[in-house]
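Asks: As a plain string of letters, each chain reads:
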Amino acid sequence: MFKDKNLLVTGGTGSIGSSICNYFNNNGCKDIYSTTTNLNKVRDDQAYIKFKEINLNNIENINLDELFDIDIDFLVLNAGLNKDNIFLRMSSEDWNSVINVNLNSSFHLLKYCVKKMVKKKFGRIVFISSVVAYTGNPGQANYTASKAAISGLVKSLALELSSRNITVNSIAPGFISSNMTDKLNDDQKNAILGRIPMKKLGNSDDIAKAVGFLCSENANYITGQTLHVNGGLALI
Amino acid sequence: MSDIEERVKKIVVEHLGVEEAKIQSDSKFIDDLGADSLDTVELVMAFEEEFGCEIPDDAAEKIVTLKDAVTYLSANSN
Ligand SMILES: NC(=O)c1ccc[n+]([C@@H]2O[C@H](COP(=O)([O-])OP(=O)(O)OC[C@H]3O[C@@H](n4cnc5c(N)ncnc54)[C@H](OP(=O)(O)O)[C@@H]3O)[C@@H](O)[C@H]2O)c1
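Protein chains in written order, with our numbering: chain A, 130 to 365; chain B, 119 to 196.
FYI, nobody ran anything at the bench for these hints, they're computed from the structure.
Note that beta-carbon positions come from the ideal geometry of N, C-alpha and C, so glycine has one too.
Watch out, some of these pointers could steer you wrong.
[Unchecked claim] In the SDA-like style, the derived pairs of lysine to any residue whose C-alpha atoms are separated by at most 20 Å in a straight line are: (1) Lys180(B) to Glu160(B); (2) Lys249(A) to Glu132(B); (3) Lys240(A) to Glu167(B); (4) Lys248(A) to Ala164(B); (5) Lys240(A) to Leu193(A); (6) Lys244(A) to Met163(B); (7) Lys248(A) to Lys127(B).
[To be verified] Pulled from the structure, derived: some chain B residues nowhere near chain A, Cβ distances all over 12 Å: (8) Lys127; (9) Asp154; (10) Ser155; (11) Glu179.
Bound-form chain B, shown alone (with noise of 0.2 Å):
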């Protein structure tokens, strides 16, 4: 696992409060890990903090799964 991947899980874990075990790369925050659409916004602030970037809100709405995150920010956080 990468260490930016190792990074984004443990905020997904720490801020939906689900078991690391139970994410996998493609699991949906809404559909499958019971976020509501706020917490995706508060994902989304959580990255941007960890990660020191500021993360648009056109590409924010289309990360939607761990993938999506790490895919995003290995291209764009320092």
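Next up, chain A with everything else stripped away, as it sits in the complex (with noise of 0.2 Å):
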């Protein structure tokens, strides 16, 4: 399906991250690269990823054109943390790194992706945003205010770059299970569990699958959208 085409996604080390890059694998994808913040996080199981270590919240020191010397047709913005706390209690710390990992650091990394893509007029863009950037969520002001500020990224990209025959949409997936979800206790996890039509957290293959459909020729019509992948949790 990716056949002579190259994936560029963040935080390849992460449940989602992994998964997606499974998948472009599993389906000929040519070259595919990633990044971590800690180059042992990488698993043995993923030699065929190229790795470069790189901390997205000091991406901006950090010269692209050194690290990917490379040719790039999918790229997925995918890494990305939380760091909850009622808002009153929130650092500015804790709201500068969320702000700035989860969409600053997309900035930089579309700056260097869009620029190969425009010249050679092809490019699939995605971005891994959240559905609680829809519906907000308490303890989230940070995580939630980076993550809706995608959708207004998203739209205005999508119209820049229509022309040139590159797409840009988001996946807004609902809970999944993963690094982040297993932090919760069981308590937690009932409460969402009840709240979820389908009765069961998503998976991080359903989102890698989301993630080929609109990088596939079945999407090449789709563009500035956001596709809710949630398990009927929130229908927007």
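Reassemble the complex: the two chains are provided individually, in unrelated frames, and hints are given to aid placement.
Replies: Spelled out as structure tokens, the structure:
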């Protein structure tokens, strides 16, 4: 499906990121590049992924040309983190680092990749947002703000880049079983399951397949959209 | 016509698909030659490649005609 195409996905060590890499690898993608804050986190079964060590918190100071001298067809902005607290207890460091990693880092990666995509008149850009960007969530003012901002960015970029055959979309996962949701206790998990009409958490492959769809030829005419993958949790 | 001007013109012709005869040194890429704003970005990338130099964003924004490009490249390319 992805023959002769290259993928750059940030956060390939994470639950969703590793599934995305796997899915593209299993579907014939040529080279797969990814990022991590620490190369020791790369698992043995991920040797096929070309990892670079970057902390997206200070990507501004990194020369991406030196790091990735590659041709990129698919860019998936997946790395993300949360630092939850009720707003009145949220420190400005936690506000800034979440906005920086989840939103600002995309500016720099996009600048680098979009230039190449414009030149060759092809590109598929997929952001990983979150359902809470659309519903809000107590304790996640920083995280929801960072993810909601993506929705405006996706639309503006989609309009600017459509004429060059570059599509820009996002996926808003609901609750996906992952490192992030493993941190929840049983009560929290049951409360969440009670709100999901499908009565189960999603898995990271559900997200990887949605990313694969948006990068495939089946989605050639889809741009500026958000695909909600949430088992019915929120119908938007 | 200088060598630089000739090379710049060739890029503009190829990229915008306009006839060489239609390009005056003060014709504006966008207003007179039918370029869109992304075309101007692509032109600058093509100039950078051809002349082996890097054109910073603030200088790139000021390159709106063939003459602007030739003046900039004469002063800044190797
Ligand atoms: N899981 C869910 O239920 C869920 C729901 C909605 C949205 N999402 C979104 O899905 C995306 C992936 O989440 P996940 O569940 O797979 O989380 P995860 O397993 O915690 O993975 C997060 C990834 O982001 C990377 N990352 C974090 N901070 C970074 C930094 N400062 N610089 C560079 N990379 C950094 C991590 O890299 P290293 O650890 O290798 O450094 C890791 O690869 C995130 O954007 C998240 O917001 C998840």
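Asks: Give a verdict on every hint.
Replies: Results for each hint:
1. For a cut-off of 20 Å, the pair hint linking lysine 180(B) to glutamate 160(B) stands: about 14 Å separates their Cα positions.
2. For the given pair, lysine 249(A) sits about 15 Å from glutamate 132(B) by alpha-carbon distance, which is consistent with the 20 Å threshold.
3. Taking the CA atoms of lysine 240(A) and glutamate 167(B), the gap is about 18 Å. The hint holds against a cut of 20 Å.
4. About 9 Å separates the Cα atoms of lysine 248(A) and alanine 164(B), which keeps this hinted pair within 20 Å; it holds.
5. Between lysine 240(A) and leucine 193(A) the CA atoms are separated by roughly 10 Å; this keeps the pair inside 20 Å, and the hint holds.
6. Using a Cα cut-off of 20 Å, the hinted pair lysine 244(A) and methionine 163(B) holds, with the two alpha carbons roughly 9 Å apart.
7. Between lysine 248(A) and lysine 127(B), the direct Cα distance comes to roughly 19 Å. Compliance with the 20 Å bound is thereby established for this hinted pair.
8. A cut-off of 12 Å between C-beta atoms confirms that lysine 127(B) is not in contact with chain A; the least separation is 20 Å.
9. Distance check for aspartate 154(B) against chain A: the nearest CB is about 7 Å away, which does not clear 12 Å, and the non-interface claim fails.
10. With 12 Å as the threshold on Cβ separation, the claim that serine 155(B) sits away from chain A is violated: the shortest Cβ distance comes to roughly 8 Å.
11. Even its closest Cβ contact with chain A, about 15 Å, leaves glutamate 179(B) beyond 12 Å, as expected for a residue assigned away from the interface.
When the structure is compared with the earlier hints, violations turn up for hints 9, 10 and for no others.
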